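As a plain string of letters, each chain reads:
There are 2 protein chains.
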Amino acid sequence: MTVSPLARPFPDIAAISGVRIGTATAGYKAWTRNDVTLFAFDPGTSVAGVLTRSRCPSPEVELCRTRLANGTARAVVINAGNSNAFTGLTGRQAAAAQTAHAAALLGCDVGAVFAASTGVIGVPLPQDKAVAGVEAAFAALGSASWHDAANAIGTTDTFAKGAIVTAMIGATRVTLAGVIKGSGMIAPDMATMLGFIVTDAKVAPTFLQAALSAANARSFSCITVDGDTSTSDTVLAFATGAAGNAELTDARSAGADAFAAALADVCGQLARLVVRDGEGASKFIAIAVDGAEDDRAARVIALSIANSPLVKTAIAGGDANWGRVVMAVGKAGEAADRDRLAIRFGNTEVAANGMVVPGYDEAPVAAHLAGQDIEIGVDIGLGQGRARVWTCDLTHGYISINADYRS
Amino acid sequence: MTVSPLARPFPDIAAISGVRIGTATAGYKAWTRNDVTLFAFDPGTSVAGVLTRSRCPSPEVELCRTRLANGTARAVVINAGNSNAFTGLTGRQAAAAQTAHAAALLGCDVGAVFAASTGVIGVPLPQDKAVAGVEAAFAALGSASWHDAANAIGTTDTFAKGAIVTAMIGATRVTLAGVIKGSGMIAPDMATMLGFIVTDAKVAPTFLQAALSAANARSFSCITVDGDTSTSDTVLAFATGAAGNAELTDARSAGADAFAAALADVCGQLARLVVRDGEGASKFIAIAVDGAEDDRAARVIALSIANSPLVKTAIAGGDANWGRVVMAVGKAGEAADRDRLAIRFGNTEVAANGMVVPGYDEAPVAAHLAGQDIEIGVDIGLGQGRARVWTCDLTHGYISINADYRS
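Chains as they are written, first to last, in the working numbering: chain A, 1 to 407; chain B, 408 to 814.
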């Protein structure tokens, strides 16, 4: 697999207090790579999560949804190569057995063990391999790095994706680190991916959930590769509390703003890394919509542009075809007035007041589109609504990857 | 341009009483082909139409919307190579001038002259060429065949598309013929295309509109190539009345059922021809959804499948990846119960009750997917709602055509 031309190096992530990582080979496919990952947390770790809105979710998603209500976590196990989705009772039993085995090994309640699986849909997770795999990962706890985990949770990913930030809560420095996988079947609500964020901050589950949900709305729910949404989308955040700060219980706690901003930063970084590994991507596209009726309308319009195959292929071809942006604004169904619309590529305004700008010079636009980082700006001209979303271009690479993935 | 492997031969369409056709070269692009088409109707012709729901429509669409209220038509002029969309006042003036010139030549009110343009967005229709072009087409009235018209209205189309049916209204045989263009930027409400249907039946405008709207709901609004919707979608139906039947004034008129069924037949044939010319298409895909909560939900689910890049690339690769169908059902947002879902490819059931069928044999499915005409059937298992939609696969050809179209 060729590494995406938009790849970013994996950051330097040191150990986070309160979590140990182990990886192992369960052998879900005919390969020798690590494909099962276990994060084990110290007692007292709180948890929050955002999960796919698919009406046909995997058993792992259902299991997470149920167990999130407890608010505490001791482990999460991640399987790569088999999504276990649409596998009926057999698949449900495998997920239950794997998490029960992890709980037995860790000596904790099974309700504190989370799970996520990614890969082909429709093949039940083989229970024997899943149980043996998590046992091997348990035996390896403490030996795997964050980089190892990022590699072990990937499937069609072409590079390991991680992010790390720090924040000050009072006089205590806390760290937030995360890894994520995803490159296709990526669309909002939320993006199709598995993401895991761990902080050593002490955060009550309810506030962790509120901060994660808010961060999600401006990160994972604002990216799209192909408009498709998986049955397995999962982002979980864990707070071990090992840093020793005074617990953040709600938005009024001292340092809560700093923590929420740091969490949003990590989520935004991880989300954009997923776009940078979009299947076949050759260009990263940031879409800014301003002047819509309200923020919701701006997001609908921005996603209409971001999901348009015609816009995405035009960018792939380096073609300043702003007419296709007009088309995408028009089809979004939100309030728009053709004669107030303005469009820019990079810093160059190409259209305003319902037509091409007088004396339009395509040269600076062509130069911008020849680069790897593309900006499309649209001003609807009606109100104050704004949105920012991120996508990639649509290339022959996407077709090659997806027309022959399962075989 | 390579002809689509899914092409169908142009049918034998004889002259329809009450309409004359002329084609000419306006020279909207650097080519020598015919690119302006004029249909001239005898006095007493009624008209109905369905138009794009884009919030940024072309001036031709606005002009049609206004003039449809009159209910009568004497002509429609169609320009190919320039959509005149998003061209401000200059574009509006060009459309007004071209139709006014046609009205002067025909000696009729300008409100009875319709227009449609297709091609690049954002370049004003050159008024001098548009006026000279329609004058040349007027001079050629009566010399062009339906096949000539189908060729002259095309842009990226790879084959001429037409359909003809007849119906009995009492003892009078009436004929309905149509031509259509469209191959990309094709998505419902309604499909991105220009379509023109003429019948010699005598039909009151209100009933013609009702019958066309009903036919549209099950034809042009049920096809998708890429989920994109143009600024110029237009389907117009004209009834010259030359056949001499007793006028159809409403659904209770004798023969109204037969006429409506024939109109729906023509619309369905034309709509499916557009899919058969889908950009880069190598396979025609019919999607049948049954058992949804209601027909509306069934259509949303069917279009979610039809618009999924992952489903479309799987079909392109001949891959029986029914997990992607599950994904598309799940993301549609309509009521679905994973454990009641059943999926078939062709006549072979592959999944039922939330998992693969026992003893599933991929051989007959692989054989079906190796063909050109693919059927995907989904039973939601909840209610009586049903829908049928049509699409094509997503191939390297789509990328090649669209990554370098405008240049």
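Calculated directly from the structure, the hints in this document are not laboratory data.
Hints may be right or wrong, so weigh each one.
Covered stretches of chain A (in silico footprint by chain B; criterion: 3 or more residues with CB under 8 Å from a CB of chain B, positions within the stretch not fixed) [stated by the list, open to error]:
#, stretch
1, 129 to 136
2, 308 to 320
3, 353 to 362
4, 369 to 377
5, 383 to 396
The structure presented is a predicted model; accordingly, all values stated were derived computationally and were not measured.
All C-beta atoms, glycine included, are put in the ideal place defined by N, C-alpha and C.
| Violated hints, by number in ascending order, as checked against the structure | Per hint list: 1, 4 violated.
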